[in-house]
Amino acid sequence: MIRLLILCGLLAPGLALAWSDADEARYRAMLEELRCLVCQNQSLADSSAELAGDLRDQVRDQIEAGRSDAEIRSYMTARYGDFVLYRPPLKRSTWALWLGPFALLLLGLVVLLRLRRAPSATPRPAPDAPDADALRRILAAEERDGTNS
Amino acid sequence: MKPYWVALPLLAMLALTALLWRGLALDPSLVDSPLIGQPAPRFSLPALHAERVVSEQDFRGGWSLLNVWASWCVSCRAEHEVLVALSRQQPELRIFGLNYKDQRSDAVAWLERLGNPYVESAVDRDGRVGIDYGVYGVPETFVIDASGTIVDKHVGPVTWEWVRERLLPRLAGAAS
Numbered sequence: 001m002i003r004l005l006i007l008c009g010l011l012a013p014g015l016a017l018a019w020s021d022a023d024e025a026r027y028r029a030m031l032e033e034l035r036c037l038v039c040q041n042q043s044l045a046d047s048s049a050e051l052a053g054d055l056r057d058q059v060r061d062q063i064e065a066g067r068s069d070a071e072i073r074s075y076m077t078a079r080y081g082d083f084v085l086y087r088p089p090l091k092r093s094t095w096a097l098w099l100g101p102f103a104l105l106l107l108g109l110v111v112l113l114r115l116r117r118a119p120s121a122t123p124r125p126a127p128d129a130p131d132a133d134a135l136r137r138i139l140a141a142e143e144r145d146g147t148n149s
Numbered sequence: 150m151k152p153y154w155v156a157l158p159l160l161a162m163l164a165l166t167a168l169l170w171r172g173l174a175l176d177p178s179l180v181d182s183p184l185i186g187q188p189a190p191r192f193s194l195p196a197l198h199a200e201r202v203v204s205e206q207d208f209r210g211g212w213s214l215l216n217v218w219a220s221w222c223v224s225c226r227a228e229h230e231v232l233v234a235l236s237r238q239q240p241e242l243r244i245f246g247l248n249y250k251d252q253r254s255d256a257v258a259w260l261e262r263l264g265n266p267y268v269e270s271a272v273d274r275d276g277r278v279g280i281d282y283g284v285y286g287v288p289e290t291f292v293i294d295a296s297g298t299i300v301d302k303h304v305g306p307v308t309w310e311w312v313r314e315r316l317l318p319r320l321a322g323a324a325s
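The listed protein sequences derive, respectively, from chains A and B.
Position 6 of the first sequence, counting from 1, maps to 6 under the working numbering, and the rest follow consecutively.
Position 165 of the second sequence, counting from 1, maps to 314 under the working numbering, and the rest follow consecutively.
It should be emphasised that the hints constitute simulated quantities derived from the structure, not laboratory data.
Careful: at least some of the hints might be erroneous.
Stated by the list, open to error - Label pairs and their in silico Cβ distance ranges:
hint	chain 1	residue 1	chain 2	residue 2	range
1	B	274	A	99	45 to 53 Å
2	A	86	B	168	21 to 29 Å
3	B	315	A	89	51 to 59 Å
Here a beta-carbon is modelled for each residue, glycine too, at the ideal position from N, C-alpha and C.
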């Protein structure tokens with residue numbers, strides 16, 4: 001009986017937390033998505049700043065309380081703004097950020113392709129065919145005059 | 150002759166360069182607060198000195214500053230004399246402290262040594278209220294109007310320049 005009770009006692013902490021593998025996976029994923037405001041190039045997963053620890057605890061508490069990922073994200077952005085999200089959200093104000101590089105690439109490709117097809121806008125005019133008679137008259141006149149131009 | 154649109158990628162590059170050049174002058178460590186224009190978040194914390202509770206209700210009825218400080222914070226010393234002088238020069242302005250992740254005894258001793266500009270300081274032992282206020286560094290100062298709405302936030306030590314250029318115009322504007 002005593003052994004049974006001890007066994008239950010040892011198992012109890014694991015059961016009481018009710019922190020599943022799915023919760024752990026969500027927790028880890030969430031930490032990668034949120035920025036440490038102190039060491040701003042690091043996520044909450046990587047940063048050793050004290051605030052990062054506090055925010056990691058917040059995320060853990062919220063997952064335990066049953067909040068969804070979206071709710072946790074909006075909790076953070078309500079307090080710290082969009083900057084706390086490691087990936088900038090796609091909003092009107094960030095269209096240029098997200099689409100800009102592709103737009104520039106597209107522009108470059110279009111210009112390149114059009115250049116290959118139409119190399120020159122104004123072609124040089126073809127020279128006239130030489131007038132053989134006029135040429136002969138000029139040469140004959142020069143021979144008579146003794147000039148050599 | 151090359152057609153005119155050959156210049157477009159170059160123009161796009163120059164425009165991008167201008168944009169990024171401007172970006173170099175911005176300081177990314179100054180995170181914009183989404184709380185500006187919002188009511189001060191609710192909280193209920195023990196006071197540092199008096200036997201009472203400090204809450205966001207204390208902000209109502211007049212202009213307030215909420216200054217986030219701690220005895221372990223070195224930059225807080227730099228701004229402290231500004232706050233002490235300000236508390237004397239502008240008696241209408243109530244300066245509240247948020248003692249952030251500190252030890253009570255250290256906090257009390259610090260104020261005794263350096264002067265106490267605060268109407269009262271709220272003790273935020275674990276920093277939870279700090280998170281609600283979007284605090285990510287110490288010191289930070291919130292400017293709160295008479296209705297309890299946050300109208301401005303200053304990250305870093307308060308300077309006389311900030312007082313002159315950002316704070317006093319607001320107070321004067323409200324008074325008129």
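Hint by hint, here is what the structure shows:
no.: 1; hint: 274(B) to 99(A): 45 to 53 Å; in the structure: holds, 46 Å
no.: 2; hint: 86(A) to 168(B): 21 to 29 Å; in the structure: holds, 22 Å
no.: 3; hint: 315(B) to 89(A): 51 to 59 Å; in the structure: violated, 29 Å
The structure is inconsistent with hint 3 alone, although it conforms to all the rest.
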